[in-house]
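For the protein sequence lines, the chains are A and B, in the order given. Its first residue numbered 1, the first sequence is counted upward by one per residue in our numbering. Its first residue numbered 1001, the second sequence is counted upward by one per residue in our numbering.
Hints listed in this document are in silico derivations from the structure and should not be mistaken for laboratory results. Here the structure is a predicted model, which means the values were calculated and not measured. Careful, some of the hints might be misleading.
[What the hints assert, rightly or not] A short list of chain A residues far from chain B (calculated; beta carbon distances all over 12 Å):
hint: 1; residue: Pro8
hint: 2; residue: Thr13
hint: 3; residue: His24
hint: 4; residue: Gln37
hint: 5; residue: Ala52
hint: 6; residue: Gly63
hint: 7; residue: Tyr64
hint: 8; residue: Arg68
hint: 9; residue: Lys70
hint: 10; residue: Thr71
hint: 11; residue: Glu72
hint: 12; residue: Glu79
hint: 13; residue: Ser80
hint: 14; residue: Ser84
hint: 15; residue: Thr86
hint: 16; residue: Val113
[Claimed, not checked] Cross-link-like lysine to aspartate or glutamate pairs, in silico, DMTMM-like; alpha carbons within 20 Å at most:
hint: 17; chain 1: A; residue 1: Lys57; chain 2: A; residue 2: Asp38
hint: 18; chain 1: A; residue 1: Lys70; chain 2: A; residue 2: Asp53
hint: 19; chain 1: B; residue 1: Lys1042; chain 2: A; residue 2: Asp53
hint: 20; chain 1: A; residue 1: Lys57; chain 2: B; residue 2: Asp1083
hint: 21; chain 1: B; residue 1: Lys1056; chain 2: A; residue 2: Glu102
hint: 22; chain 1: B; residue 1: Lys1042; chain 2: B; residue 2: Asp1083
hint: 23; chain 1: B; residue 1: Lys1056; chain 2: B; residue 2: Asp1078
hint: 24; chain 1: B; residue 1: Lys1067; chain 2: B; residue 2: Glu1015
hint: 25; chain 1: B; residue 1: Lys1042; chain 2: A; residue 2: Asp38
hint: 26; chain 1: A; residue 1: Lys70; chain 2: A; residue 2: Asp56
hint: 27; chain 1: B; residue 1: Lys1108; chain 2: B; residue 2: Glu1015
hint: 28; chain 1: B; residue 1: Lys1042; chain 2: B; residue 2: Asp1078
Every residue gets a Cβ at the ideal spot worked out from N, C-alpha and C, and that includes glycine.
Here's the letter readout for the chains.
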Amino acid sequence: DAGITQSPRYKITETGRQVTLMCHQTWSHSYMFWYRQDLGHGLRLIYYSAAADITDKGEVPDGYVVSRSKTENFPLTLESATRSQTSVYFCASTVTSGGNNEQFFGPGTRLTVL
Amino acid sequence: QKEVEQNSGPLSVPEGAIASLNCTYSDRGSQSFFWYRQYSGKSPELIMFIYSNGDKEDGRFTAQLNKASQYVSLLIRDSQPSDSATYLCAVNGGNKLVFGAGTILRVKS
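Based on the provided sequences and hints, a complete structural model is requested.
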């Protein structure tokens, strides 16, 4: 499939479990991003990556881990899920210079932590 | 912390009217400004972007920048019920975007 995809689309887990959200893009975009969206907060950046093996923290990185061994994949891991991490998670990518070009968003993953 | 502020709304306008959406930003050095539309349950999609060198019109949409007052606006002419969505303003902050919380627009037929 062309574009940017996320899996799973929906996930229910329990407090303390490890969860990994997947993001895959077929455009060979350099930059990839993970956001969470909560009511009243808009999109908040968790982590981003400028290229394979280069990642950096965003506004709300605590409790999350990322890796980027391949350009097309950018998984997000919640090492020990908490109820406060219940949210909708969006992955995005852009060709270059993450702040000056359109970001393309994946369909989102709705995560519920019980 | 760079900030982008938007009125959460909802902003209600009748069909055919002009909808005016605004956002303010704190970083005076910001150069790029984006407006995304997000339908309920969907992901954001870009509808307009402008750079600091001027305003932009695209069909029914016009984005305007006021650098002195640090706000950017989006005007939607001839509003349609299909324009009902949340509009997110985003401002560049280095290699990433800073998003506002969004304004809910409701166009009533």
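Notebook entry, point to check: What hint numbers does the structure not satisfy?
Noted result: 4, 19, 20, 24, 28
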